[in-house]
Amino acid sequence: MTVLQAAISGALAGGLYALMAVGLSLTWGMLRVINLTHFGLILVGGYLTFELATNVGINPLLTLVVTVPVLFVAGAALQWAFDRFGLTEFNSLLVSFGLLIATIQVVSNVWSADFQRMSADVNPYATQSLRLGPLVFPAPTLLAFLAALAIVGGAHLWLQRTYPGRALRAFAQDRTIAAAFGIDHVRLGALLGGAAGASAAVAGMLVAVDRPLTPSTPFEWFGIVFAVVILGGIGNTVGTLAAGLLVGALSGVVATVWSPATSPLVIFSLIIVALLVRPRGLFVRRVT
Amino acid sequence: MTLRRGLLGFAALFVALALLPRVREPLDIPVSYLVFLGLIWFWTAQATSWNILSGYSGYFSFGQGAFLAVGAYTTAVLAGRHGLDFFLTIPIGGVLSLLLALGIGALAFRLRSLRGEIFALLTLAVPFVLASLALVNTAIDGGQGIIVRLPSYPEFLGSFQDLVYLLFMTTGLAALAVAFAMQQSRFGWALFAIHDAEEVAEGLGVPTFRHKMIAIGLNGLFGGIAGCIFALQIGFVAVQSVFGLTVPLFVIVMSVLGGRRHWVGPLLGAAVIVTLQDRLSASGFEGWSLVVLGAVLAALVILAPEGLYARLRRRPLPVTAAFVVPFVAFALLGTWGDPLDWAMAGMLAAAVVAFVPSIRWERRSDRRPGPAAAEMSPVPASPVTPAPEAADAVVAALSANRDDDASPDAPIVETFDVTKQFGGVRALQGVSFTVRPGEIVGLVGPNGSGKTTLVGLMSGTLAPTSGDIRVGGVSIVGLPPHRIAHLGVARTYQIPRPFASMTVRDNVAMSLMFGRSGLSLQAARAAAAEHLELVGLTRRADALPSEINLHERQLLEMARAVAQRPRVLFLDEALAGLNPVEIDNAVTVVRRIHESGIAIVVVEHLLRVVNQLATRLVVLEQGRTLAEGDPRVVMREPAVVRAYLGSAADA
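As they're listed, the protein sequences go chains A and B. Heads up, the first sequence is in this note's numbering, so the first residue is 1 and it goes up one at a time. Heads up, the second sequence is in this note's numbering, so the first residue is 1001 and it goes up one at a time.
Only chain B is shown next, with the shape it has when bound in the complex:
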């Protein structure tokens, strides 16, 4: 609903902005302002397209210049040299740039060890390779540069400057609308999750590769289209003017300044930076603008990495006032500068008000005990146990939801003679393991016996060296983890790994969106409530993961896993580090999850807990199954006692 209303808003804004060239002359607005606004829209398009990949998903690209250049050269070569209609070159340039982006993505995102830094350096190299290609290849440039002539266009569009403004504005607004729509839907949230914890996102059902490819594709598409129009505006395309590092510098500074997590950020950043740039060159400091921008980037990353938009949201009135007051004051005085100078003065004042007080505030908060201290407290300030009847209702609702496509007794997970080798270490040597519906299987064994390896194999984060693993009868060997999640496997992590930038509620909503339910963003947020009720985190729904304690984070892990609607849940030492009260509470929660119809595998060191919960016990030792069966019987077997207590106890 908000999505549709927002997009209608964009359409209305488009109509209003498109009228500007019409009313320019009656209102006596100079053409230079139109050029200036066009430039803001150009950079909005570039920065927004960059932000869809780099801001949303966290994969910083230094290769924006490549997309701009591909677009600019497409127009220059096709329209400037071969006389193709300029308007036809726009889609061609966009598609070529899109293909380049997909090529980069297909290569880079397949690297198993790809880290953000390596991706940044790879993309840094791309424009240089393309620039050297363009320089020597006479079919592209050959070092001469290419003149782009004015195309013929319908007369009602106005002058050349009007045309360029309209084209830039349309592109910029379209990029913004896409960025907005993403933020309001599952798509953008998948990217946010990739930003926060990519492996976890994949494990709970997000097809991360596909989402990264779409993000980089959109980056290339809009970067290329804006590049085509840029070629028309500058009229002469040369390697020096379209490649180079000022393009990535500009888009990065704009997005970091404005804020990377919100679609408005790049627009804000573009407006501020273009104004700053314009005023610096108007005052004769042209040579220093890059010095200023470089310094601004360095200062922002250190002092205010979350950007202007977040600050604006926190103190909207003072910041707006700081902008409006100087602007109006100078306008009324009328003794100094033109409106852009007044706007610049207002922006600087607003930036001071937005950033400076919060710097002081953050220094003070350093001294306050952070969440780390809260974790130390022996008992949670208020027990998080939910009212039993409310929880029972939730259990009933969840189990009613369950679609049991498979026959009730068919095993959910089976491993057949699985081995796993890490270099020379044989972590698992032929383990066959089965989980049936309705079971709580305790998986125990001494340190290094292969428990966590087995869980990793069954949830797809590791691949077996030999043997087969089936979930619901389907072999999962070689499947990406998100597909395995969709077959009905969920897990928690020994050290909780929440999505740090999302609230507790949104963490759970991620599973509802990308797990087996596949809800929309709105529906998932609403449905998250009952899962929070199940683990007793309702009160903390709007807190950030950094604001809750270890026990609550472990409960969040469970809620997030259950929200995937799995058939089997692996709890990998989910109770480690808890005090006895917290453990009892967690055991209650696990029972409740089990009652809702999910089979559970508990990996645990605490035998007391395992004995309380498990319906069947599997003991691993040195990568082999040592014993299996009823917990009370198994724990008395001499071999098990020996494995746990050493051979002396046996004697």
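Next comes chain A alone, as it looks inside the complex:
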């Protein structure tokens, strides 16, 4: 039973990783930008939620009214800048690494390097949980899971059904031809970058609700989030969600059966095996 509980809690927590990963995966797959600053946006989102909830006294969920537009603009501006300077995929990795470090340091200068946590009276979710028989679902991870479902599902439908979504997919497949058909990739790119920023705001809010914040937390996400991105298939929304749940469940089980410290080792060994066997992600159909 503990293993089942661990798997379910892990999978729910994996929703948060999927949420963090989906923005990264889409900008990588569609726009050929590896945006490490995405982690910085999540961090800023978390701290903004903390600040608004603590000092203004509003419900953490309501802080999204402020953080989503702010980070949408930040994400769009970032993507516009990547485009403006015509960065290659690899250089975008370097530039955004520099920006990430700068962001983390700014956050640390503003909010100090100590742990910050919303007090229980502004954050009612931290202590709540849902019971189903012997199984327990803590409210923060449940929220994360639901948000991941909604956002990844929404992104998937947006890409499949709407004009901007289709244009983006066309652009991802062949930039030159797409441009010849009149697709304005600068505006579409900024739109997708903004959407990724908005998803970072939601992810940041969920992080702030669930656990204490410290400026160096993005480093803890790196490995597992990129694992989710690569295993899910770069640019593949549904694959990212599935990979997030899978990796989450797996690390939950490993942490319970062995010890929490071995779970990164196991996860990374699996990633390396997956890269050897399925370099284009777990769920991609074989294209010849």
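Rather than coming from a laboratory, the hints here were simulated on the basis of the structure. Hints may be right or wrong, so weigh each one.
[Said to hold, decoys possible] Ranges of calculated distance between the beta carbons of each label pair, as one might list FRET restraints:
1. 1084(B) / 109(A): 20 to 30 Å
2. 1465(B) / 88(A): 34 to 44 Å
3. 1547(B) / 153(A): 44 to 54 Å
Note that beta-carbon positions come from the ideal geometry of N, C-alpha and C, so glycine has one too.
Using the hints, position chain B against chain A.
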């Protein structure tokens, strides 16, 4: 010769720098400067070791922290906990870090689909895994941190700070000497070629896997050794102080700032960044130094990715003056700051002079017609045909060089009933094909008939689904492409793929170094001249590939292939996109290559060219051999006519 002289220079520099602690007191140099210099040497060692892998070969690693940490923890655990002599822990830490590096390399470089981005992300994860291991494992750390005590050492080495300085300086200088020696020899050039076009490098005989492994090994070795000394310097090793992303940030910023293609780059970068860091914290901006560094990295990658050293070379006097003038002015005034402040002011001025004007210059050059426009010109500005007698001499020299170990009539390349399947598509269905010495075989057929697949199989870039391929009687199935190149196979690419950062001459020299001649860098550069003469590119020897037109690039492809000293050369649509004048010139060059004793397989759509050149014709259709024989006879066969012109023409 330059290599030996350079290494002697390093030895002399070592002696001079080692004397600094001796003359420190008589010259009244404060100890803080020694610490400062030691720090520069520490980062020089880290950044140079990183640059050997990531700068030279282009595989960016974010895992430098792992090497530093392995070294630091080796010293901390062995010397701090178990009382082993500190000096013994240095080689142990270096070797452990080396082994870690080789482990990472053995895994990552075997991934067939490894791209630079994936390698970067893999290495990003390594320090986190190790950090979590160290945190829980009480035999390593357990979350407490470890104190490293002062070791006993011979008294003549001076104070503790003198010792640390000497150790850092020795490591940094050794790393620099290795990076220098690599740049002056075949080894570094193999890495440069991997950086520019890895698959091409492998195809012309560079054992790429081995070179990448040595590069990552050196990265780990020096990173680990410097880490051991770092543990001694900080005195207390904890997970937070040795893992983390500031280490990769620092080495990447330093190398990108200084320049990644030259061994001096990381040294320059380390000097600037350490000074900047030091001055920022001295002025109370400690919390902002990472913000500045992050911003500097982002700005550099966008504005000046080639780094300070390249700019310095282009305008050495103004930059030096911009450094010296403020430094001397402040020193003479003596009203503000200490020498490090003056140096900082000088560096900032020098950086402005080095970078700013060239930004403006690049903007202007955007508007000028680039090489793309040059390709459009219908006729090359000046025909590149060499003087015939000079070329004949070259042909004679080349054919005299030929060692024909095999008997003259034994086939060079044979394929036996080869098939190749891509998913559900059967590109080749049982082709048997032979090339004998002295032949020019024309390989023709409609689009999709399997010509390029066959060339890919015979040069080892593709593996057959079934059947056997032999070169000089040796089966090449499963051999890495560089081994096949060494058996005497060379090819050109349909779209020329030169090494973009090397001059035309050095492109050819790569083949002479790593092909069947195996010359040294100096010898290869000298010998490249005659191959350039053969194709008529002598005038363009010092141009970069981006500066020559399509025809010249195709000739460069041929020169590079011939310089491998192959027994057979595959020309894969080497004349595509040329105008009639250029085609005639290229045909002359192909003839000349053939006269030098190389069998040639011409894959071509232009039947006029094939008919002129080929001694034998092989026609492929839908992955099968349709006809074979004398060109004039074969081209009249009804089946061939049908394949080319459709069935209506047959009726």
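Evaluation of the provided hints:
The hinted window of 20 to 30 Å between residue 1084(B) and residue 109(A) is violated, with their beta carbons roughly 41 Å apart. Checked against the hint of 34 to 44 Å, the C-beta distance between residue 1465(B) and residue 88(A) comes to roughly 35 Å, which is consistent with it. A C-beta distance of roughly 52 Å is found between residue 1547(B) and residue 153(A), which places it inside the suggested range of 44 to 54 Å.
In the structure shown, a violation is registered for the earlier hint numbered 1 alone.
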